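*Asks:* Read off the chains here:
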Amino acid sequence: MKMKVGTLVFGAAIGLTAAAANATTLEDVVARGELICGVSTGVAGFAAPDDQGNWSGVDIDVCRAVAAAVLGDASKVKYVPTTSKERFTALQSGEVDMLSRVTTWTFSRDVGLGFEFVGVNYYDGQGFMVPKALGVTSALQLDGATVCVQTGTTTELNLADYFRANNMEYSAVNVETADESRENYLSGACDVYTTDSSALAAARSTFDDPSAHQILPEIISKEPLGPLVRHGDAQWGDIVRWSFNAMVVAEEKGVTQGNVDDMKGSNDPEIQRLLGTDGDMGKQLGLSADWAYQVISQVGNYGESFERHIGVNTPIGLERGLNQLWTKGGILYSPPMR
Amino acid sequence: MSDTLRPEDQLGGGLPERAPPPSTVGIQGWMRENLFSGPINSIGTIVAIGIIVWLLPGILEWAIFDATFVGVDANGDGSITRKDCLVENAAGLMTLEGACWVLVYVRWEQLIYGFYGSDGSIWRPTIAFVGLLLAIAPLLFDKVPFRRALLWFAFAFPFIAVWLLGGGEWKLSSVLVFYGLIVAILPLLFDKMPGREILLWVTKIYPLFIAFLLFDAILDTLLGFSIWNTLLGPLAVWEFSPLPALAEVSTHKWGGLMLTIVIGMVGIVLSLPIGVVLALGRRSTMPAVRLLCVIFIEFVRGVPLITLLFMASNMLPLFFPEGIELDKLVRALVVVVAFSAAYMAEVVRGGLQAIPKGQYEAADAMALTYWKSMYLIILPQALKIVIPGIVNSFIGLFKDTTLVLIIGLFDILGMAKAAVTHANWIGLAREAYVFVGVVYFIFCFSMSRYSIWLEEKLNTGHKR
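So the protein lines, in turn, are chains A and B.
At position 29 of the first sequence (counting the first as 1) the number is 29 in the working numbering, and the numbers step up by one without a gap.
At position 40 of the second sequence (counting the first as 1) the number is 1040 in the working numbering, and the numbers step up by one without a gap.
It is possible that part of the hints are untrue.
[Said to hold, decoys possible] Simulated DEER-style distance windows between Cβ atoms:
hint : chain 1 : residue 1 : chain 2 : residue 2 : range
1    : A       : 262       : B       : 1126      : 42 to 50 Å
2    : A       : 33        : B       : 1052      : 55 to 63 Å
3    : B       : 1224      : A       : 284       : 32 to 40 Å
4    : B       : 1182      : A       : 33        : 35 to 43 Å
5    : A       : 268       : B       : 1126      : 53 to 61 Å
[Said to hold, decoys possible] Listed next, the stretches of chain B that the computed footprint assigns to chain A, with coverage defined by at least 3 CB atoms under 8 Å from CB atoms of chain A:
hint : region
6    : 1202 to 1208
7    : 1367 to 1375
8    : 1393 to 1401
9    : 1423 to 1431
It is worth saying that the hints were derived from the structure and are not from the lab.
Computed from a predicted structure; not experimentally measured.
The beta-carbon is built from N, C-alpha and C at its ideal position, and this holds for glycine as well.
With these hints in hand, go ahead and build the complete structure from the sequences.
*Replies:* This is the structure in C-alpha cells:
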C-alpha cells in the first residue's frame, strides 16, 4: 500500500501528493481530472458563493471555461479562495493552476513576479460617486471635497495623484473595508466615494435610492483585470488565453449557449474553426477538437456571462462600457481564430 | 457590634427572632446592596440605566420589531434576496427598516458547514458534532451517566471525527500510527495499569517505528524506493479497515462554524499537553532541553499569529519540493497549535512557580521519579491554580481561529463575509457580523462559566 507521510504524522486529511516532477500543467490537470482555480474570497458579480454554496461570477466563468475546454466538463473545478496577499504565492507554489480573481495586469506582476497575464476579462478603472444633490457633474469640480477611500490600496495612491495633478485639495476619510466606505458615504461622513467603478456600481445598486447618486464620468486609472498563469508553461498559458478568447470570438460571431448546436452547421469558416468542425485548433492546443464548443455550450459567450453576473439586469447593474466588443464601441477584442 | 454575647443568645433564645429590617431583604435589599451601596455606585447605576434606556429601544426595534426573519419571496421575483426585506418608507422608497435575518436563514447551512453540503453529506459533521458533545461530556463533568463507556468513546473519538469529516478509507496501518502515540504514553503516566509491561514495549518501539516511517518516506521521495511499500505493504493485514470507507471531502470544502470548532478543538486539545511539556522543559535542569523550549516559546510569543499564519501559508509552499503540498488547513492547524502551546506553556509555568519549594522537595524525598512527582504532586496543584489562565488562553485561541480568514480559509466569519459579497446580499454586513458575534459569545461565555464552576469544584481551601 501507499503510505502517505502526511496521514501518518498528523493523522488528518492531508494531501501530500508527489506528482511527477516534470509533468506539464495540462498533464497534471488531466491526470487529476480537476482544474484548481484560485479565486477571490468574494467580490460581488465576479466571484462569490451563491445560496447553494456554488461559486458564480464572471471570474468563475473563466475557470469554468478552461475546465470545459480541457476536461470537457465545466463543473470539474476546485475553487481555492485566495486573499489579495497570498494569491501570487498560491500560483507560484503550484497550489493553483491559474488565478482568476480581479487581478490588475501590471508590468511588475507580469514581468517582475514571473507571471503571464493571458487576457483581460474586465476593463475596470477607478471612479467617483457623489450624491446628485451635490450638483457636481465632473471630478474636476471636487476641489475641497471629503473623500472616502480604502487605505493601503492603489485606489488611495491614484486619488492622491489625480488631485495633485489637477491642483485640487481633498480631505480623506480612511476606511478599511468596502462596507465601511458604503456606510460612511451613506451617513454623509464624506461627499465622495471612490473605488473601482464596478464596485461603485455594485454599491449603488444596494442604496435605498440609487437614482439619487451619480458616478462621475472621469475614470482616473486603468485597471485591466484578467486571468494569469505561471511563467514557463507556454502551452498552459495558450490554453487559458484561448479558452477565454473563444468566449469573446463566440460573442463576435453571434454564437451563444442556445444556438451553438445549430451554429455547427454554419458556413462561416471562423465559426467552423471555432467549433472544431474544420481545422485542427484543438489538436494544436493539445485538446480535443470540440474544446471551444464545450466552452460555449457549458459556459456561454462573453456577453452571456457578463449579462448573467454583472449586466444591467443583475443587482450589480453594470453597463458594458469599455467591455463592449470593439465593433460596438468597446475595446474588447480577440485576435482572430485562424 | 459588640463582641460579648448577651445571655439570651448564649441560652439559645430568650427573645423571639425578629424579622430583618425591610430595607435589607427582598428586591429592595438586593438593590440597596448591589446597585445603590454608595454615592459612586448609585451614580454608576443611574448612568448605566440611562444608557440602556437610550440604546435598547433602537436595538430592539432594529433586531426584532422591524426585522424580517423568515425567507419568503415577498416581492414575488422568484428568488429570496435582500430585496424581500425592503419595505416602503415615508418617501416612497424601498428601504431596509430593520435587520434582514433572511440572510442568516438562507445561508444557514453555509454558515454552519461551509461548502460541505454541496456533496449532500451534511449528516457527517452533524453526527461528528453530537459525538463531540458525547466525548467531552465525561471529560468536563464527573457525574455523567455511563461515564466509563463515554470515556472509552472519547478515546476513540478523534479518529472517528477525522473519519467522519474527512472521509476516505482508513486502514489499520493509519489507525496504528494514530493510537500508537497514546498507547505509548499511557504506561509512563500510570504505574499500576494492567498490562503495563507489554505497553512499555510499545513505548520503546513507537519512536523507532515513526523514525522508520519518516526515513522511508524521505527515501520514497528522493529515490522512489520504499521499504514499506515493497516489503511490508503487500501484507493483507494492513489493508483491513476498521471503519467503512466514506466519500472523501477535501478540506477546502470545510468551513463555517464547523471549521471554527475543528480549529478551536484541535488547538485546545493539543495545546494543553504540549504547553505542559514546554513549561516543564523550560524549568528543566538540562540545558539543552531548557534552551530548546525557551527558544520555541520566545520565538512564537515574539511573533504575531497573523505572521505565523502567513508564513505557513505563503512561505512553506515555496520551500517544499515541486509537486508536494501540505493541506492548507493542516498548515493552519500546526500554526494554531504551536502558537497556543507557547502561551499555554507560560500560563502553566506560572502555576509551577507558585508551588512552594517544599512540595518539590517532599516529592523527591518520597523517591518519586521526575515524571511521577510532576504527575502526582506538582501538576495537579499547579494546574488547579492556573485554571483561569488556561481557560483564558482557550477563549483567546477560540477567537483567534478567525484569523485563518486571511489565508483564505472560510471560518464562520469568513462565510458570513462571503455571503454579503454576493450580489443578492450586498450591504447586509451588520446582520452577518451580529450573527457571528452572538455565536462567538455563546461559545466563549460557556467556556468562561465552566471555568468558574470548575474552580469552585476543585477549591480545597488553599485558595489564595
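*Asks:* At a Cβ distance under 8 Å, does chain A reach at least three residues of the region 1393 to 1401 of chain B?
*Replies:* Our answer is that it is violated, as 0 residues pass the Cβ test (under 8 Å) against chain A, missing three.
*Asks:* For the region 1367 to 1375 of chain B, do at least 3 residues have a Cβ located nearer than 8 Å to some Cβ of chain A?
*Replies:* Per the Cβ count (0), the hint is violated.
*Asks:* May I ask you to test the hint 42 to 50 Å on the CB atoms belonging to residue 262 of chain A and residue 1126 of chain B?
*Replies:* 48 Å, holds
*Asks:* Using the Cβ atoms, figure out if residue 268 of chain A sits within 53 to 61 Å of residue 1126 of chain B.
*Replies:* This hint holds: roughly 55 Å between Cβ atoms.
*Asks:* Can you let me know if the beta-carbon spacing of residue 1182 of chain B and residue 33 of chain A is within 35 to 43 Å?
*Replies:* 37 Å, holds
*Asks:* Do three or more residues of the region 1423 to 1431 of chain B come closer than 8 Å to chain A, measuring C-beta to C-beta?
*Replies:* It holds: at least three residues are needed, and the region 1423 to 1431 of chain B offers 5 whose Cβ sits within less than 8 Å of chain A.
*Asks:* Between residue 33 of chain A and residue 1052 of chain B, is the Cβ distance one that fits in 55 to 63 Å?
*Replies:* About 59 Å separates the Cβ atoms of residue 33 of chain A and residue 1052 of chain B, which means 55 to 63 Å holds.
*Asks:* Tell me if chain A covers the region 1202 to 1208 of chain B under the three-residue, 8 Å CB rule, please?
*Replies:* Contact hint for the region 1202 to 1208 of chain B vs chain A: violated, 0 residues under 8 Å.
*Asks:* Quick one: are residue 1224 of chain B and residue 284 of chain A within 32 to 40 Å, going by C-beta?
*Replies:* 34 Å, holds
Comparing the model with each earlier hint shows violations of hints 6, 7 and 8; every other hint is respected.
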